[in-house]
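**Q** As a plain string of letters, each chain reads:
2 protein chains.
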Amino acid sequence: MQAEILTIGDELLIGQVINTNAAEISKQLNAIGISVSRVTTVGDSEKEILSSIKSAWQKNDIVIATGGLGPTHDDISKHVVAKFFKKKLILDKKTLAHVRARFRSFGIKKMPAVNIGQAMIPQGFAALRNDKGTAPGLLYHHKGKTFIILPGVPHEMHWLTEKWVLPELQKIYKKKLGDVIIHRTLLTTGIGESVLAERIGNIKEFLEKGATLAFLPKTSGVRLRISVHDSSAQKAKAKVARIEKHIRGRAGNSIFGTENETLEENVVELLKKNHATLSTAESCTGGMLSMRITNVPGSSEVFMGGVIAYDNSVKINELDVPKNLIDKYGAVSEECVRAMVEGALRKFGTTFAISLSGIAGPGGGTKENPVGTVWIALAEKDKPVAAKLYRFAGDRSIIRERSVDSGLEMLRRRLLE
Amino acid sequence: MQAEILTIGDELLIGQVINTNAAEISKQLNAIGISVSRVTTVGDSEKEILSSIKSAWQKNDIVIATGGLGPTHDDISKHVVAKFFKKKLILDKKTLAHVRARFRSFGIKKMPAVNIGQAMIPQGFAALRNDKGTAPGLLYHHKGKTFIILPGVPHEMHWLTEKWVLPELQKIYKKKLGDVIIHRTLLTTGIGESVLAERIGNIKEFLEKGATLAFLPKTSGVRLRISVHDSSAQKAKAKVARIEKHIRGRAGNSIFGTENETLEENVVELLKKNHATLSTAESCTGGMLSMRITNVPGSSEVFMGGVIAYDNSVKINELDVPKNLIDKYGAVSEECVRAMVEGALRKFGTTFAISLSGIAGPGGGTKENPVGTVWIALAEKDKPVAAKLYRFAGDRSIIRERSVDSGLEMLRRRLLE
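These protein sequence lines are chains A and B, in that order. For the first sequence, numbering that gives the first Met the number 0 begins at 0 and goes up steadily by one. For the second sequence, numbering that gives the first Met the number 0 begins at 0 and goes up steadily by one.
Among the hints, erroneous ones may be present.
[What the hints assert, rightly or not] Quick list of simulated restraints, FRET-style, between CB atoms:
{"hint": "1", "chain 1": "A", "residue 1": "Gly248", "chain 2": "B", "residue 2": "Lys387", "range": "20 to 28 Å"}
{"hint": "2", "chain 1": "A", "residue 1": "Gly189", "chain 2": "B", "residue 2": "Met119", "range": "53 to 61 Å"}
{"hint": "3", "chain 1": "A", "residue 1": "Ala232", "chain 2": "B", "residue 2": "Pro369", "range": "19 to 27 Å"}
{"hint": "4", "chain 1": "B", "residue 1": "Leu415", "chain 2": "A", "residue 2": "Val179", "range": "52 to 60 Å"}
{"hint": "5", "chain 1": "A", "residue 1": "His141", "chain 2": "B", "residue 2": "Leu95", "range": "31 to 39 Å"}
{"hint": "6", "chain 1": "B", "residue 1": "Ser34", "chain 2": "A", "residue 2": "His141", "range": "42 to 50 Å"}
{"hint": "7", "chain 1": "A", "residue 1": "Arg241", "chain 2": "B", "residue 2": "Lys92", "range": "55 to 63 Å"}
[Unchecked claim] Here are the simulated lysine-lysine pairs, BS3-like style, with alpha carbons at most 27 Å apart:
{"hint": "8", "chain 1": "B", "residue 1": "Lys46", "chain 2": "A", "residue 2": "Lys53"}
{"hint": "9", "chain 1": "B", "residue 1": "Lys85", "chain 2": "B", "residue 2": "Lys174"}
{"hint": "10", "chain 1": "A", "residue 1": "Lys53", "chain 2": "A", "residue 2": "Lys203"}
{"hint": "11", "chain 1": "A", "residue 1": "Lys174", "chain 2": "A", "residue 2": "Lys82"}
{"hint": "12", "chain 1": "A", "residue 1": "Lys173", "chain 2": "A", "residue 2": "Lys87"}
{"hint": "13", "chain 1": "B", "residue 1": "Lys46", "chain 2": "A", "residue 2": "Lys58"}
{"hint": "14", "chain 1": "B", "residue 1": "Lys366", "chain 2": "A", "residue 2": "Lys46"}
{"hint": "15", "chain 1": "A", "residue 1": "Lys58", "chain 2": "A", "residue 2": "Lys175"}
{"hint": "16", "chain 1": "B", "residue 1": "Lys46", "chain 2": "A", "residue 2": "Lys208"}
{"hint": "17", "chain 1": "A", "residue 1": "Lys92", "chain 2": "A", "residue 2": "Lys46"}
{"hint": "18", "chain 1": "B", "residue 1": "Lys387", "chain 2": "A", "residue 2": "Lys26"}
{"hint": "19", "chain 1": "B", "residue 1": "Lys382", "chain 2": "B", "residue 2": "Lys366"}
{"hint": "20", "chain 1": "A", "residue 1": "Lys203", "chain 2": "B", "residue 2": "Lys58"}
{"hint": "21", "chain 1": "A", "residue 1": "Lys162", "chain 2": "B", "residue 2": "Lys203"}
{"hint": "22", "chain 1": "A", "residue 1": "Lys46", "chain 2": "B", "residue 2": "Lys85"}
{"hint": "23", "chain 1": "A", "residue 1": "Lys109", "chain 2": "A", "residue 2": "Lys26"}
{"hint": "24", "chain 1": "B", "residue 1": "Lys162", "chain 2": "A", "residue 2": "Lys366"}
{"hint": "25", "chain 1": "B", "residue 1": "Lys58", "chain 2": "A", "residue 2": "Lys53"}
{"hint": "26", "chain 1": "B", "residue 1": "Lys234", "chain 2": "B", "residue 2": "Lys174"}
[Said to hold, decoys possible] On the chain A side, residues computed to face chain B include the following (Cβ under 8 Å):
{"hint": "27", "residue": "Asn18"}
{"hint": "28", "residue": "Arg37"}
{"hint": "29", "residue": "Ala100"}
{"hint": "30", "residue": "Ser104"}
{"hint": "31", "residue": "Pro296"}
Simulated from the structure, these hints should not be mistaken for lab results. Just so you know, even glycine gets a beta-carbon here, dropped at the ideal spot from N, CA and C.
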């Protein structure tokens, strides 16, 4: 089974909105054995929408479109879909009742009239109830093919896909969802793409038939994606396992996790295993390290808290960094991050503490400390403090992200010792 | 002039990577008067790449492709492009010297052999020097049309677009970049899409010829995008200004900013104007509020620092929240956020302080305080503390984002008083 995804909206063509829906839907379809041949994005133009539906409907078993289902005048997708399939729009009473109930539940007694349009659907289409918004999804099955259109708001699209689209497609196509595709991603950090490729060696020696290996560089590190097609999930999984074992033998500790795991999830996991706790003292990252750690559900077991010492007065008053130390060496210095991290460890009584101080830019750089200079220190109870100097390239947000990644990586290596 | 963007990579079709490049390139092209008709995404498959290049090259003046130019075996785009245009790959000595120099600058004396391939380019193509990576961009101009391919790594693509692609296209097409397209986005917060539409009224009354208005909902609020086509920038700008004035008259204070401005930028700006300072006391958001504020360059003028009081012991020891208050009312309560915000204001001596405490989930919800319950307090020197209860829908990250948005919005409204 092969699908094309069609994302509709001027906002996608003028670059105002990043297309997260396509990635989301692709992932979901892959997981039930449907491969995606193409993603096409067009604006809110009748001509472009018609021509892209036509081409996608010809070449694929399944077409999933998103966007342009809202209640306002610029949302034309539903009308164009009805036109393409030569259907009239008719009032769906169930949908209308559902939309009215939504407004009531928000304490709005009189539903804005424009929302009646949300309940008009093309004849012969099924309305997929939307519990997260007012526009229902729409599904049309005809001669073995399926057309689906969903609202473009990401969390509504996401909910509808999980709740209705995947189960419906599995019901419609059952055993036809034949050839299994399995992906497995290994996440590395602290190693470049070509060095990693050399270390892994000649792929022909270990890539079995039906398997591919992709190198995907990202700010935080290179990801290795193993993809395998096979007739059964069992066979495919065994193949993936053999390839993964080979790569792990070559890449060693550079691999910190798999799939969508984050460095912070890995670190929280390792802290739990070690019955250890963590606190932070952040200057240039301004809370980003703590934010990343507390993104992880259950991080409250290991993360106690932190001080955001953005202004030097906070470094002095809250972390007991001596004022004359800052006067002598500056706030971006080995001496300062060492004093900060010791202050945090003392204050919070944790097993570990991390401190960061640097110049994220765009202003504030000097000849000795150009933008991108970041000092990071790691303290562990009853052990000497480690401090390291980094020089990151990139803009303010990349420098801050890399600082956080590097702080987490310092702690990860320590926890693996 | 009309362009199509072609993004290449299996990682985009299986949903592993979100396509940020398409949005970036679209925005850049729009800014020099080139409109984007379509974005097509295909995998690393020769057949799919060939068919998409063919269709895009037929229908457009300009085709910009990204992805699949890396040094590893799975990067096939350059070979397919050479095949489509019937060109041989030849060694470009300038590029080779540049790639070698890059490795030397990283302290790697022996360049991995696989990188020699980076210097092979299709005959008749121009290599666009890449100072951010090893794969050059490639440009081919033929019979009035231009084909460009860039590496898929976002910051390399971004640099090449600004440094070479836009200036080259402006040189090649000069005055043909005729009809000006101007977009203007007004950002609202705290008001729903259909209520906003009713407030703005009948668009036919104020939308002049060549102008459109789009409603774009997002987690943080609805954006209103005015788009205008006209023969000169001056005329287009005047049209936009008239429409904007009308909308502002109707939507009032719900509009907090324009374009890509963020709520935090707006708040930092307002704090500067008021010569005011800010500190934070964060529990459930774990540093996200401070992180968002310190994302703004120059925020160090107004933001002093904060306490991440994730564990209750930190609320008690660092913010002087009485232990018996937490025992009696719980950490997610009006009493607790009031005590937290007073503690922060005292500790940091700032003009304002914001505190947040809530249940971001997925665990931790109770009958009285279900997941999504968040208390936020705002303190101002010599004024009574304000506290507000929110109940957010969504997952952990959405609840945290909305908490931060709401905290910023409380402060923004106060600063506008």
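**Q** Would you mind marking each hint as holding or not holding in the structure?
**A** Cross-check of the supplied hints:
Roughly 56 Å separates the CB atoms of Gly248/A and Lys387/B, a value that falls outside the hinted 20 to 28 Å. Between Gly189/A and Met119/B, the C-beta spacing of about 29 Å breaks the proposed range 53 to 61 Å. Our hint of 19 to 27 Å for Ala232/A and Pro369/B is violated, since their Cβ atoms are close to 38 Å apart. A beta carbon spacing of about 57 Å between Leu415/B and Val179/A agrees with the range 52 to 60 Å that was offered as a hint.
Between His141/A and Leu95/B the beta carbons are some 55 Å apart, a value that contradicts the proposed interval 31 to 39 Å. For Ser34/B paired with His141/A, a C-beta distance near 34 Å fails the hint of 42 to 50 Å. Between Arg241/A and Lys92/B the CB atoms are about 42 Å apart, so this pair departs from the stated range of 55 to 63 Å. Between Lys46/B and Lys53/A the alpha-carbon distance is near 20 Å, which keeps this suggested pair within the 27 Å criterion.
The hinted pair formed by Lys85/B and Lys174/B fails the criterion: a straight-line CA distance of about 31 Å is larger than 27 Å. As the CA atoms of Lys53/A and Lys203/A are separated by approximately 40 Å, the hinted pair breaks the 27 Å bound. Proposed proximity of Lys174/A and Lys82/A is contradicted: the alpha carbons are some 32 Å apart, above 27 Å. Restraint check: the Cα-Cα separation between Lys173/A and Lys87/A comes to about 30 Å, which exceeds 27 Å; the hinted pair is violated.
For a cut-off of 27 Å, the pair hint linking Lys46/B to Lys58/A stands: about 14 Å separates their Cα positions. For the given pair, Lys366/B sits about 52 Å from Lys46/A by alpha-carbon distance, which is inconsistent with the 27 Å threshold. Note on Lys58/A and Lys175/A: the hinted pairing holds, with a Cα-Cα distance of about 17 Å set against a maximum of 27 Å. Between Lys46/B and Lys208/A the alpha-carbon distance is near 20 Å, which keeps this suggested pair within the 27 Å criterion.
As the CA atoms of Lys92/A and Lys46/A are separated by approximately 31 Å, the hinted pair breaks the 27 Å bound. Simply put, Lys387/B and Lys26/A have alpha-carbon atoms about 39 Å apart, too far for the 27 Å limit, and the pair is violated. Pair hint Lys382/B plus Lys366/B does not hold up; C-alpha atoms about 34 Å apart against a cutoff of 27 Å. Annotation: proposed proximity of Lys203/A to Lys58/B is violated, straight-line Cα distance about 39 Å (limit 27 Å).
Our distance criterion of 27 Å between C-alpha atoms is broken by Lys162/A and Lys203/B, whose separation comes to about 38 Å. About 33 Å separates the Cα atoms of Lys46/A and Lys85/B, which puts this hinted pair outside 27 Å; it is violated. Only pairs whose Cα atoms come within 27 Å are accepted, and Lys109/A paired with Lys26/A is rejected, the gap being roughly 39 Å. As the CA atoms of Lys162/B and Lys366/A are separated by approximately 25 Å, the hinted pair is consistent with the 27 Å bound.
With a C-alpha separation of about 16 Å, the suggested pairing of Lys58/B with Lys53/A holds against the 27 Å cut-off. Our distance criterion of 27 Å between C-alpha atoms is met by Lys234/B and Lys174/B, whose separation comes to about 18 Å. The beta carbon of Asn18/A comes within 5 Å of a beta carbon in chain B, closer than 8 Å, and the hint placing it at the interface holds. With a cut of 8 Å, the hint placing Arg37/A at the interface with chain B holds, because the nearest CB-to-CB distance is about 5 Å.
For Ala100/A, the interface hint is violated, since its Cβ never comes within 8 Å of a Cβ in chain B; the closest pair sits about 15 Å apart. Among the interface hints, the one on Ser104/A is violated; its C-beta lies about 11 Å from the nearest C-beta in chain B, farther than the 8 Å criterion. For Pro296/A, the suggested interface contact is upheld, since its CB lies about 6 Å from the closest CB of chain B, less than 8 Å.
Violated hints, listed in ascending order, are 1, 2, 3, 5, 6, 7, 9, 10, 11, 12, 14, 17, 18, 19, 20, 21, 22, 23, 29, 30; each of the other numbered hints is respected by the structure.
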